[in-house]
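Engineer: Letter by letter, the chains look like this.
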Amino acid sequence: MSLFSDKKEKTGLRLPDAKHLVLSSSPHLSSSADEGRIMLYVIVSLLPAVAAGIWFFGAPALRVILYSLVFCIGAEALWCFLAGKPVWRTIGDCSAAVTGLLLALNLPPGVPFYVPLIGAVLAIWLGKQIYGGLGNNPFNPVLVGRVGLLIALPALMTTWSPARGMESAEYPQHAVFGMAEPSATVTHATPEAKECDLVTCATPLGVASTSVAAPGKYRFEKVDNSAMWKEYFIGRQGGCIGETCAPALLLGGILLVLFNLINWRVPLYFAGTVGVLTAIIHYFAPQMTPTPVFHLLTGGLLLGAIFMATDMVTSPISGTGCVIFAIGCGIITTVIRIWGNYPEGVSFSILFMNALVPLIDRWFVKRPFGYTRRRKEV
Amino acid sequence: MSGLIVSALVMGVLALVLGTAIGIFVKFFKVKSDPRVELVLELLPGANCGGCGCAGCADFAKAVASGKLQPNRCPVSSREQVNAIAFALGVDPGEGFARRAVVCCSGDKYQTQMRKFYNGAIDCAAANMIGGGPKGCRYGCIGMGNCAHACPFGAIEVINSLAVVHQELCVGCGKCVTACPRGVIKLVPANSSAHVYCNSPEKGATKRSLCHGGCIGCGKCERAYPDQFTKTGFLASVNYEAEKLPGAEEIEAIKCPTGALASEAGHYESEKNAGKGENK
Amino acid sequence: MNKSSRKVMSFTGGIHPVSAGKKLTNTHAVHTAPLLERYTVLVQENAGKAPEVIIKPGDKVLKYQLLAKASGFVSANLHSPTSGEVAGIIEVPGPMGVPALAIDIRSDGEDRETDPFEPIPDWRSAEPQLLLDRVADAGLVGMGGASFPTRVKLTIPPGKKVDTLILNGAECEPYLSADHRLMLESPCRVLEGAAIIGHILGIDKIYIGIEINKHDAIAELERFSEDYGIKIIPLQVQYPQGSEKQLIHAIVNRVVPPGGLPADVGCVVQNVGTAAAVSDAVTLGIPLVERIVTVSGKVLKDPGNWKLRIGTPVIKAIEFCGGVTDEPSKLILGGPMMGFAQNSYEVPISKNTSGVLLFSRRRALNYRSGSCIRCGRCVQGCPMGLCTCLLATAIEGGRIDLAEQNHVMDCLECGSCAYVCPAHRPLVQTLRLAKAEIRRQRAAAAKANSGK
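Residue numbers (this note's numbering), protein chains in the order written: chain A, -19 to 358; chain B, 66 to 345; chain C, 14 to 465.
What the hints contain is simulated information worked out from the structure, not anything from laboratory work.
Everything hinted at is true.
Heads up, simulated DSSO-like pairs for lysine-lysine below, C-alpha to C-alpha not over 30 angstroms straight-line:
1. 311(C) - -1(A)
2. -1(A) - 337(B)
3. 448(C) - -1(A)
4. 133(B) - 251(B)
5. 460(C) - 133(B)
6. 460(C) - 127(B)
7. 251(B) - 460(C)
8. -1(A) - 174(B)
9. -1(A) - 320(C)
Hey, can you work out the whole structure from these sequences and the hints?
Structural biologist: Okay, structure coming up:
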């Protein structure tokens, strides 16, 4: 009696020809994350800020956001088409959509269509594709676009419209923000008031940088008080579409951390450094700068710290590196805000630190397992 | 006004101090250079290919000026350029022959069986480690272009997953030879024009099952021109030391059954046109 | 001991791969494969030098008969998996993708055995050297994957002192459950083998590290472990928990220096499968000719664990599982994280084959050469703390020297980085390429130095 297997002749084996088996290196499994999904999660995290922007600034903000999205995706597609890259795959990774959204959030509401157009071309072409596309850009593309616009079109880029609620009678300090008396403003801002095209106002940082010290009085008392802090926090202040509403930005930040998309150290240390530095300076020279609360809630600090400085491509890889990077951003922002020509310095500081990322990556590498101290290879 | 004066003063003092410092450094830390090295460097092509075995043209110029190497070691320079260098230095240009690279494989994606689906890094050496890459033959060109990347002269083109050397651009620096993980690329005398485009020592039948372009070792070429061809095992090779190297005429006469033995022009033409018939 | 209060050990870095794969097979008892007509036993089953073949084509062989004799210190004996005739020494597709020499044995269907060794049931009173010789004679190699001859691992280099034996039952690779079933079904063989190895080395501190997803195996081993004086250490489910360096770090909190061996920190690590084989070799006197292999994959009709003899072609293992229900696109020998993709169904099972996996096109990782977006997930996931993405970028740019400075040689090739990479870059392949190149350069430099 043979012990041979009777399963020898097996029919119905649908094995492919051996030469059709895929050969590849190990590992043969992967996690479900891919670039497109990461970018989608970023977009999801941006939605609260986008919604807040539309709520506070209305139809003009929505228009800017749509323009910016369309132009960014269009610029990417055009470049890929001209450069002979796969167009749909590049669009498919959603990175252009993220750039478009972030660029819109960094523009004042109510800018004409050519502002996002120029910004999109600057961001996508000059900020990203010229270096070889996603992953190879040394600078945050959005900030390249924004800073380019800020320098090229300073008037348009610093014309702010008031947020919803600022025209109401309860809003404190109308006069300070460049608007007329409450009663007059209400008539101007209503849709029926056709005689005016645009109502503008100032940003808190702008007001602060131009306020003049009156003898014996706190120089920033009009913009820097607890009543105003409340208004700033919920987003009732002049500014870019996405930078005013702190709760939406914080929610986005929490989402990003939950999705494991950003290093939590970056926003924390960035905002923390600005807070600590301004606190110190304010304590010793209150006439020089407003309180740290004012600094944290106004301008693009939260937007920058949560969404711009944490951009994976242009921030350091190691945890220590991220801390150094964020502290650097914070210092430069504070310096520009207090001593610089521009009232706001978040964009410049992040761009500057972007340039240092390769160095930071080099200096602050993780110590590999088993190395007790840095040793030189022989 | 006072600001103007102060800044002018500061700049002036700075300029003075730095200028003096530079002067001192130039005086005390001067590096003596041989003018002949400069001369040779000017006459060299400046491709920095490393084909001479030195680390770039400057290094070679130093070696030539000090007499360690002969000027003809530069593979890029023409005979006239070598003579010019030799004349300038008053040395012997050296005897020798120019070399050129040949990718000894005709296994493009139409000839060889693309036996394995390969998924991974587009790099010959990396693919070679994963079961030998996408082609069936273990000796042939992998076709991912490590040689093309290594070539400083852009002389290698990958056509249909097969590297082909453009002989008019190749200077024989040998960079591709070291870049190839399979050792398919050989340096041959520049005046040769026909080669055996196969590198596999396997049995004829095995080769035939893997690749239609490989040499099956029939010996036709060796029988016809015993001086110019030798067959070792299942692989024929051109005897590059022969007095008369085989040319188009011999190729025509032999009619290699697989096309492994071909003239350079014929090989390039056939690769260029490969697969075009199938599309019709 | 209260299970919930017990500390679960782990290491830093690493990843948490999807756990679904293990469920395909971990509840299936081990089947014994029926006898086949033909076995192609690879000559070189072990790392190091190939053994010397001592039979000729046409010879009649018996089961357990010596086929090839170890040709040096780092080499291992090879025994026949069944009785029959040696048809020849042929080239078969090898597990590394290149053809390899194999002994073609045509089975006579009778499966007659020889008794190669005297069983040593009272090994506790035996000389350690005698047991070590038995381990060497039985052709034991590390069954976890590296197939390093066990004799070498159990011979402590002079000047080193070991005090701890760690048995690796982590089985951190997804899909594999061969070690799990082994520990569950024959806990005493594992424990006895561990005790024998401890006796050979003269150590009594013996730990078995097991990931807590195999709680039934932990419970089963703990029932008997007291008798052997062996401690069972539950480990967190984390890949690569079963890597030597990570396992030592997790269990005894010692750090193996870069380029060092476990013996440098007084440890010896063995796979549980090897321990079971040691027990068989010593107490039953049988050499290593079969092992438990997980044959798994969603496309298989009936995935399971099989006791396969060495030399069984992979196609037979697939047939034992009833064939496939869907077209596979990848055949892998070993685990999905570190195993090798095959391009032939004729590859034989060898002593270190822990799994045969068939993946469909959807399941298998599809590498793309997208560019790095510097998300840093590979850096978080690297158990060795390497900046994998920067290393790979440097290597792609031709800066192998830069990669060497940044410790690319410490890479375990565990695959954590490529698993988490959202761009699906072939990171492991790139790093492996650099390691091969650096090794080649170092060998060339050493040769040049010795020539001078």
